[in-house]
Amino acid sequence: MINFNNITKRYKDTLVFENFSLSIKEGETTCILGESGSGKTTLLNILANLTDYEGEVTNVKCSYVFQTPNLFPNLTVLDNLKLVCQDENEIKSVCEKLKIADKLLSYPKHLSGGQRQRVSLARGVLFNADVLLMDEPFSSLDLKNKVQAINLLKELFKEKKKTVVFVTHGVFEAVRLADRIIVLENNSIVYDNSKVNEKTEKELFGLMLKD
Amino acid sequence: MKNKNRLYNLIFSVFSIAIIVALWAIVALVVKNEYVVPTVSDTLSATFKLFTESAFYVALGLTLLRTVIAVVISFAIAFIMAILSQVFPLVKKLFSPLISIIRIVPTMAVLLVILLWTNPTIAPVVVAVLVMLPMIYSQFITAFNGIDEGIINAAKVFNLTKRQRIFKVYLPQVALPIVSQTGSNFSFCIKLIISAEVMAYTFRSIGGLMTTANVFFEIPRLMGLTLISVIIGLLIEMIFNFITKKCFKWNNAEVKND
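Chains as they are written, first to last, in this note's numbering: chain A, 1 to 211; chain B, 212 to 469.
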């Protein structure tokens with residue numbers, strides 16, 4: 001289990017979490033939904049030890065697909081990926097599945113937003129870690145690439161029994177990728193579903209769209 | 212498309228130079244006094260004559276050498292100060308008033324004082340260093356602070372070693388703005404060195420040749436020396452722009468859309 005115990009987090013005068021607790025099962029894909037400012041990214045950053053906080057969090061090695069790709073701009077795609085994985089065959093395999101194998105010798109600035117995001121996804125998947133964190137991983141992708149990426153990730157997560165925590169605004173990918181969906185609002189969990197099915201999308205739309 | 216843009220830029224540059232030359236010719240025609248505004252032809256003639264004089268090459272070489280020395284010294288001191296400022300925030304606070312004072316002190320006043328302590332050969336270098344140092348220091352600090360926080364987070368999350376972070380991530384990103392500004396730093400430094408050489412009447416220097424031309428009312432020669440200084444400054448900037456483009460290819464391309 002990955003546990004957040006009594007987490008309190010403030011950004012200057014804004015209280016994001018106060019005595020917030022959450023447990024995440026290992027080997028599952030957990031999706032965190034919520035409005036902007038509800039603390040979704042903060043939770044990921046706390047787990048990745050990228051921000052200070054009060055409380056306790058299970059110490060795990062994380063891989064991260066950031067909301068902005070954060071690729072190292074002076075390195076080619078291949079060199080970016082080689083920093084996290086030495087196996088070139090594995091790199092090529094993942095890149096082929098994400099349709100960026102022809103961009104391995106390009107620099108991030110040569111790529112479109114969607115291509116950079118796919119490289120970031122590849123990096124996140126290739127880095128050997130206990131938990132994969134993803135912050136809006138499909139935001140720059142068009143529908144076709146989004147569906148391809150979701151299918152690929154689903155396959156990979158199942159194969160490697162990976163623990164994944166991802167944040168998104170999109171109910172579409174939440175329902176298709178997650179084993180468990182949590183909705184955050186005002187420092188608390190207002191929806192928690194560990195049996196995601198066909199009805200979940202409708203439930204979520206109802207919840208997200210209500211005043 | 213890229214070549215078309217280059218061609219347009221070239222045409223506009225040539226056109227604007229042609230306008231400047233045309234205006235100059237008109238003003239010279241109106242003023243009709245070569246001691247005030249020499250004609251274009253007299254200036255060009257005096258300029259070409261300079262290239263036949265060995266003294267000119269010696270002066271040019273030594274002025275450029277002083278410029279290089281001043282830039283290298285400023286660069287080295289500014290780099291060390293910037294590293295110390297980043298590592299020790301208290302040091303940054305200590306440097307801050309010092310940098311401000313150096314920046315504000317009137318350059319020519321400094322030159323006159325330094326001439327008392329040194330000699331006309333060294334004084335222009337010292338003055339140039341004092342002017343360039345705060346500038347280059349600020350450029351380094353800006354470059355260090357300009358490293359994207361997201362990149363720093365990525366380096367942290369993916370457990371990059373210290374060596375990898377410094378040499379593969381941070382240094383190239385700091386180097387880009389520094390190298391790209393080095394061209395304009397050099398051409399600014401040439402301007403400073405020549406001004407200081409004029410004031411100090413430095414022997415065997417472009418500034419010294421300018422002062423001599425001025426004293427003997429050889430205004431076309433003075434204009435010619437000025438023209439050469441401008442061209443050298445522009446050439447140096449162009450060289451560094453070229454170096455930046457070649458060494459930092461990763462920064463060159465435009466973003467495409469999906």
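Hint data in this document are derived by calculation from the structure and do not stem from the laboratory. Using N, Cα and C, we set each Cβ at its ideal position, and we do this for glycine too. Take these hints with a grain of salt, some might be off.
Unchecked claim - Sample of chain A residues facing chain B (criterion: CB under 10 Å; computed from the structure):
1) Y53
2) G55
3) V57
4) T58
5) N59
6) F72
7) R123
As the list claims (entries may be wrong) - Below, a list of computed lysine-lysine pairs in the PhoX-like style, where the Cα atoms sit at most 25 Å apart:
8) B:K243 <-> A:K109
9) A:K109 <-> B:K260
10) A:K162 <-> A:K99
11) A:K25 <-> A:K161
12) A:K199 <-> A:K146
13) B:K379 <-> B:K304
14) A:K195 <-> A:K154
15) A:K82 <-> B:K367
16) B:K373 <-> A:K82
17) A:K92 <-> B:K379
18) A:K12 <-> B:K367
19) A:K146 <-> A:K161
Status of each hint after checking the structure:
The criterion of a C-beta within 10 Å of any C-beta in chain B is not met by Y53 of chain A, whose closest approach is roughly 15 Å, and the hint is violated. Taken as an interface hint, G55 of chain A does not check out: its beta carbon lies about 20 Å from the nearest beta carbon of chain B, beyond 10 Å. Violation of the interface hint for V57 of chain A is found here, the shortest Cβ-Cβ separation to chain B being roughly 15 Å, above the 10 Å cut-off. Because the beta carbon of T58 of chain A sits about 16 Å from the nearest beta carbon in chain B, more than 10 Å, this interface hint is broken.
Hint status for N59 of chain A: violated, given a least beta-carbon distance of 14 Å to chain B, over 10 Å. Using the Cβ-Cβ criterion of 10 Å, the hint placing F72 of chain A at the interface with chain B is satisfied: the shortest such distance is roughly 5 Å. Hint on R123 of chain A holds. Least Cβ distance to chain B is approximately 7 Å, under the 10 Å limit. Our distance criterion of 25 Å between C-alpha atoms is broken by K243 of chain B and K109 of chain A, whose separation comes to about 56 Å.
Only pairs whose Cα atoms come within 25 Å are accepted, and K109 of chain A paired with K260 of chain B is rejected, the gap being roughly 49 Å. About 22 Å separates the Cα atoms of K162 of chain A and K99 of chain A, which keeps this hinted pair within 25 Å; it holds. Among the hinted pairs, K25 of chain A with K161 of chain A is consistent with the structure: their alpha-carbon atoms are about 11 Å apart, no more than 25 Å. Pair hint K199 of chain A plus K146 of chain A holds up; C-alpha atoms about 21 Å apart against a cutoff of 25 Å.
At most 25 Å may separate the alpha-carbon atoms for a hinted pair to count; K379 of chain B and K304 of chain B exceed this at roughly 29 Å. As the CA atoms of K195 of chain A and K154 of chain A are separated by approximately 16 Å, the hinted pair is consistent with the 25 Å bound. A threshold of 25 Å between alpha carbons decides the hint, and for K82 of chain A with K367 of chain B the separation of about 16 Å falls inside it, so the pair holds. For the suggested pair K373 of chain B and K82 of chain A, the alpha carbons sit about 16 Å apart, so the restraint of at most 25 Å is met.
Restraint check for K92 of chain A and K379 of chain B: satisfied, since their Cα atoms lie roughly 22 Å apart, inside the 25 Å limit. For the hint pairing K12 of chain A with K367 of chain B, the CA-to-CA distance comes to about 24 Å; that is within 25 Å, so the pair holds. Straight-line distance between C-alpha atoms of K146 of chain A and K161 of chain A comes to about 21 Å, which keeps the hinted pair within the 25 Å bound.
In this structure, the hints that do not hold are numbers 1, 2, 3, 4, 5, 8, 9 and 13, in rising order.
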